[in-house]
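Trainee: This is what each chain is made of:
Protein chains: 2
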Amino acid sequence: MQKNVTIADIARETGVSTATVSYILNGKKSISSKTKEKVFAAIEKLDYVPSINARSLSTRDSFHIGVFIPQTEPGGSLMFENMFYGEILSAIEYEARTQGYHIFISGRGVDESCFYLARRRNLDGIIAIGVYQDEGFLSIEDSGVPLVLVDSYCNESPHNAVRIDDHYGGYLAARFLLDRGHRNIAFFSGRQRDNGVMQKRFEGYRQALAEQGAPFRQEFVFSQNVDFDDGVMLARKLIGTHIPVSAVSAAADVLAIGAAKAFSDAGLRIPQDISIIGFDDLRITQYITPGLTTVRQEIALKGKKAVEMLIENIRQPASQKRTEILPLTVVERESVRTLEGSNQEGL
Amino acid sequence: MQKNVTIADIARETGVSTATVSYILNGKKSISSKTKEKVFAAIEKLDYVPSINARSLSTRDSFHIGVFIPQTEPGGSLMFENMFYGEILSAIEYEARTQGYHIFISGRGVDESCFYLARRRNLDGIIAIGVYQDEGFLSIEDSGVPLVLVDSYCNESPHNAVRIDDHYGGYLAARFLLDRGHRNIAFFSGRQRDNGVMQKRFEGYRQALAEQGAPFRQEFVFSQNVDFDDGVMLARKLIGTHIPVSAVSAAADVLAIGAAKAFSDAGLRIPQDISIIGFDDLRITQYITPGLTTVRQEIALKGKKAVEMLIENIRQPASQKRTEILPLTVVERESVRTLEGSNQEGL
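Residue numbers (my numbering), protein chains in the order written: chain U, 1 to 347; chain H, 1001 to 1347.
Simulated from the structure, these hints should not be mistaken for lab results. A quick note: this is a predicted structure, and the numbers were derived from the prediction, not measured. Backbone N, C-alpha and C define an ideal beta-carbon position, used for all residues, glycine too. One thing to keep in mind: the hints can contain errors.
[What the hints assert, rightly or not] In silico DSS-like pairs for lysine-lysine, Cα to Cα no more than 30 angstroms straight-line:
no., chain 1, residue 1, chain 2, residue 2
1, H, K1321, H, K1304
2, H, K1034, H, K1045
3, H, K1305, H, K1321
4, H, K1321, U, K45
5, H, K1036, H, K1321
6, U, K321, H, K1045
[As the list claims (entries may be wrong)] Derived coverage of chain H by chain U (criterion: at least 3 residues anywhere in the stretch with Cβ under 8 angstroms from a Cβ of chain U; other residues may be distant):
no., stretch
7, 1082-1090
8, 1093-1101
9, 1240-1249
10, 1277-1290
Turn these sequences into a full structure, and let the hints guide you.
Mentor: Encoded structure:
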């Protein structure tokens, strides 16, 4: 290794400032192609290799952040079937890259605390998506590794967090259906865990029903994992029960999409025979037929905020922890119809 | 830092072998929970932090591999809107994790060669998806960094590569339509670049038409980027031209999905008024209505093979470079109809 070649050597060789060389290597500022060409030629000639690993051992900063993504099951693959994760990861990577950081992705080992991983990998900080309080994941905070939680409700100690108001989201969805005359509304969700987003959305659904005097029945509630196949399965279960519902509130778009497919395969038309509202506003929901009415969360903004907050935390480790809550709205497309009069029809 | 605490200290403290401690830290072998508990307790007690960065400076191996994903445009976000990338990344991460490797993801800077990035990040190897020969990306091979190309046609020098036979895929799709009586077939694709997958698929389409004596017209061919919106746009363009086609071969499922939406919005029924065949067999294609008939490629297998090949290359740097070509089949769902008799209808 040419340990003695430094940025200053490159600058001298090319006649530009060390700052310019640094900008080019970090990609942080727009520099003319001509200058870039000269600098890269000098780098080649002098065989300069900027080693972040070597540097980070002395300065601590690795410009490397870890993103922890939930798995389908312990030891399973990452949950990319739910396009929410692709969309948020895309936003995280883009914002991080813009700010000069690179991304490390991983599932969460069942035994391995992220604390160890962060130190082994010399990560500057961590963004963890969908962590549950009971997972033991949060021992990480003791390590002092900067951390931003996305979509987690962890009350025991203060964390930097970005999330939505999931209770309100569940309420919004059910309220949208109630306002259009639906009274018998099924609820499809992922597994409900204490203080998890699915539980919060479910509580919002219950609150809306109660407020409007609509019946709540335990048989209206169907929970499984969050993927297309489970949406199909829950819809088939609902059809099998012969419980008369006129609408489904699905706590994730992928469940709604799977359910819509199963209803359609069973000869039920959406929204004429059954209405569906989803949750997330994944990009795909506007390209299916009929377009899915859904609770929109700002997925890209969530990713961007998480990175901003993390970098702030990296730069100012002592700053106050805070939670940012992003807005929700209903996007109306074609999957929900208004029931006429007071005669609700059902399946 | 407790520099003097080693794996041997942990082993002594817990009464297990150093190999067992190492297995637990690498997650490479199944060890009983009881042993794990003891070992993690000792790690905690002795404040042992296995630093991969520190280790990798001496042994070279970082157990860290980089995955380079195409961007929507130079400097833009990663192409996760095309779910192909989420699906293949999921498979890559899973296989890598199983083999004790972690994943670094990045777009490709326009100026920054991956060669620099790999050395800066001390990556053991790189998987690069969708690289074009004219991009200059392949200067990386000179660096000796183990590399596997996915979906690239780079003939100048030998590389490890995993791909499909894109020409054959384009042929299969068009042939499927021709065999069902379609003669006037539009082709929707991403931008066609020299030796790129889209160009190969296009050539396959042309070959099938020529073989069957079906007309080829330049006005049948529509190219744009590969996302939903471009599928919508291409379909609207096609409708606007009033060229009588009875079917569309879309060289990517996301284009097919966008096109199906636009046709449907324009009052055209699929497949009664127009047939569509896609390419990829993304998970979503079986959950839309009508289900999309498409050329299936084994996306998860592609990711797995890429990791296997890369790790082989990391372990045996001198071994012969090879290309692995994965199989293609047509999955028939409901988006293509058979034309009766010889009277072809069109838009």
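Trainee: Tell me, in ascending order, the numbers of any earlier hints that this structure violates.
Mentor: Violated hints (numbers, rising): 5, 9; every other hint is consistent with the structure.
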